[in-house]
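> Please model the entire structure based on the sequences and the hints provided.
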Amino acid sequence: MANPIEQFKIKPIIPLEVGGVDISFTNSAVMMVIAVVLVTAFLTLSVRSRALVPGRWQSMAEVFYEFIAGMLRENVGSAGRKYFPFIFTLFMFVLTGNLLGMVPGAFTYTSHVIVTFGMAIVVFIGVTIIGFARHGTHFLRMFFPEGAPIATAVILVPIEVISYFSRPFSLAVRLFANMTVGHIILKVLGGFVVALGVFGVVPFAFLGAVTVLEFGIAMLQAYVFTILSCIYLHDAIHMH
Amino acid sequence: MPQFDPAFFAPQLFWLAVTFITLYVLMAKVALPKIGAVLDERQRKIDDNLDKAAQLKAEAEAAVAAYEKALSESRAHAHSVIKEASERLAKQAEERTRELNAKLAEQIKAGETRIAAAKDAALNNVREVALDVAGATVARLVGGAADQAKLEAAVAAALKEAGQ
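Protein chains in written order, with this note's numbering: chain A, 1 to 240; chain B, 1 to 164.
Take these hints with a grain of salt, some might be off.
To give an idea of the chain B side of the interface with chain A (calculated C-beta under 10 angstroms), a few residues [what the hints assert, rightly or not]:
| # | residue |
| --- | --- |
| 1 | Met1 |
| 2 | Ala10 |
| 3 | Ala17 |
| 4 | Leu23 |
| 5 | Arg75 |
Mimicking EDC-like on lysine to aspartate or glutamate, the simulated pairs with C-alpha atoms at most 16 angstroms apart in a straight line are [said to hold, decoys possible]:
| # | chain 1 | residue 1 | chain 2 | residue 2 |
| --- | --- | --- | --- | --- |
| 6 | A | Lys187 | A | Glu6 |
| 7 | A | Lys11 | B | Asp48 |
| 8 | B | Lys34 | A | Glu6 |
| 9 | B | Lys34 | A | Glu66 |
| 10 | B | Lys160 | B | Glu128 |
| 11 | B | Lys150 | B | Glu128 |
| 12 | A | Lys82 | A | Glu66 |
| 13 | A | Lys11 | A | Asp22 |
| 14 | B | Lys150 | B | Asp132 |
| 15 | B | Lys69 | B | Glu59 |
| 16 | B | Lys160 | B | Glu99 |
| 17 | A | Lys9 | B | Glu95 |
Chain A residues, not near chain B, derived (Cβ > 12 angstroms throughout) [to be verified]:
| # | residue |
| --- | --- |
| 18 | Phe8 |
| 19 | Met71 |
| 20 | Met119 |
| 21 | Ile129 |
| 22 | Arg141 |
| 23 | Phe176 |
| 24 | Leu213 |
| 25 | Leu228 |
| 26 | Asp235 |
| 27 | Met239 |
Simulated from the structure, these hints should not be mistaken for laboratory data. These numbers were taken from a predicted model, which means no experiment stands behind them. For every residue, glycine included, the Cβ atom is placed at its ideal position computed from N, Cα and C.
Below, the structure written as structure tokens:
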């Protein structure tokens with residue numbers, strides 16, 4: 001039975017080092033590059049004909065566009081329009097990473113906590129900068145709700161500070177954990193299918209069902225990551 | 001788990017930054033404006049068509065209104081022509097009737113004059129015949145010519161008695 005952790009192993013393809021920092025081109029980087037190429041190809045080639053009545057590919061591209069635009073409009077409002085390219089890129093990058101991971105034998109870069117944390121911390125820092133840029137020191141009111149009795153500050157402020165600073169971690173861990181656990185389950189079930197021989201049909205049927213579920217989770221987690229980023233952006237722009 | 005091996009944090013973060021920024025630039029500068037333009041163009045075309053439809057509808061309504069106006073105008077015109085004609089005809093008929101009446105009245109008057117003259121003439125004849133008859137009768141009965149003046153008076157009295 002194959003080691004279910006094996007699939008998460010980073011394998012350097014082109015070893016690189018700049019100023020003592022390892023920046024090797026790894027299997028993880030390969031998938032990221034593939035994701036960029038796929039997303040760009042999909043979104044540019046599909047609208048190449050600029051059809052008034054869209055074809056299959058073009059309507060898919062339009063659905064993605066309008067889905068994220070609608071999400072941003074509903075959660076942030078018109079002030080969030082200039083962050084649309086970022087939110088869209090975030091969604092497409094996470095979604096493609098999740099879905100590419102469902103290709104047998106492929107590496108899933110969203111199953112690496114450092115990758116998800118890298119995106120989460122960018123969202124967190126970006127949102128904090130936007131908050132202070134828009135509201136100045138008034139943004140600190142985030143940590144103490146308007147109208148609460150001053151005596152409660154002792155309890156409320158630490159809670160709010162902790163909840164604010166745990167945002168990037170919850171965002172990163174949610175995606176990473178979902179992807180990692182899903183892939184481990186798939187690998188373990190696949191191992192059972194091989195190990196049980198003829199009786200492997202039972203775990204095989206289960207494997208089919210879990211694969212469908214994992215596709216759902218791949219899309220759902222991309223959605224969750226994006227909508228939480230939108231909600232944080234809303235907090236920064238409109239406060240509570 | 002390989003995920004928690006710090007040895008691979010740096011290369012992953014580096015390539016994450018590279019690919020994510022590349023994708024961001026490609027989305028922001030190429031893909032999203034393209035899709036947005038397609039969507040805008042469709043929206044504009046739909047709006048255009050709706051506008052055009054509204055315009056055509058307004059034109060059709062204007063045409064209907066013009067048609068109805070022309071219809072009512074021509075109806076009014078026809079009405080006035082008919083009225084005028086009938087008035088003219090009525091006036092002509094009245095005039096002709098009046099002329100005819102005048103002519104007839106004249107003719108009646110002339111006829112009456114003629115009848116009156118004929119009657120006078122007839123009455124004179126009657127008187128003369130009566131005078132002659134009375135003179136002859138008196139001469140036959142009395143033998144000798146009767147007094148002319150007395151005869152005339154008697155005849156006149158008799159005629160008067162007869163109511164003529």
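> Does each hint fit the structure? Answer for all of them.
Comparing the hints with the structure gives:
1. Met1: With Cβ-Cβ at 6 angstroms, under 10 angstroms, it holds.
2. Ala10: holds, 5 angstroms
3. Ala17: holds, 7 angstroms
4. Leu23: holds, 5 angstroms
5. Arg75: Violated: closest Cβ of chain A sits about 48 angstroms from arginine 75 of chain B, beyond 10 angstroms.
6. A/Lys187 / A/Glu6: Within the cut-off at roughly 10 angstroms; holds.
7. A/Lys11 / B/Asp48: violated, 56 angstroms
8. B/Lys34 / A/Glu6: violated, 41 angstroms
9. B/Lys34 / A/Glu66: holds, 13 angstroms
10. B/Lys160 / B/Glu128: holds, 15 angstroms
11. B/Lys150 / B/Glu128: Holds - the C-alpha atoms of glutamate 128 of chain B and lysine 150 of chain B are around 14 angstroms apart, at most 16 angstroms.
12. A/Lys82 / A/Glu66: Satisfied, since the Cα-Cα distance of roughly 15 angstroms is no more than 16 angstroms.
13. A/Lys11 / A/Asp22: Satisfied, since the Cα-Cα distance of roughly 13 angstroms is no more than 16 angstroms.
14. B/Lys150 / B/Asp132: The hint holds at about 13 angstroms.
15. B/Lys69 / B/Glu59: The given pair, whose Cα atoms are some 15 angstroms apart, holds under the 16 angstroms limit.
16. B/Lys160 / B/Glu99: Distance ~41 angstroms between lysine 160 of chain B and glutamate 99 of chain B Cα, so the pair is violated.
17. A/Lys9 / B/Glu95: violated, 125 angstroms
18. Phe8: violated, 5 angstroms
19. Met71: holds, 14 angstroms
20. Met119: violated, 7 angstroms
21. Ile129: Check passes; 16 angstroms lies beyond 12 angstroms.
22. Arg141: holds, 31 angstroms
23. Phe176: About 7 angstroms separates phenylalanine 176 of chain A from the closest Cβ of chain B, which leaves it inside 12 angstroms; violated.
24. Leu213: Nearest chain B Cβ is 22 angstroms from leucine 213 of chain A, so the label holds.
25. Leu228: holds, 17 angstroms
26. Asp235: holds, 22 angstroms
27. Met239: Non-interface label on methionine 239 of chain A holds, nearest chain B Cβ at 27 angstroms vs cutoff 12 angstroms.
The earlier numbered hints that this structure contradicts are 5, 7, 8, 16, 17, 18, 20 and 23.
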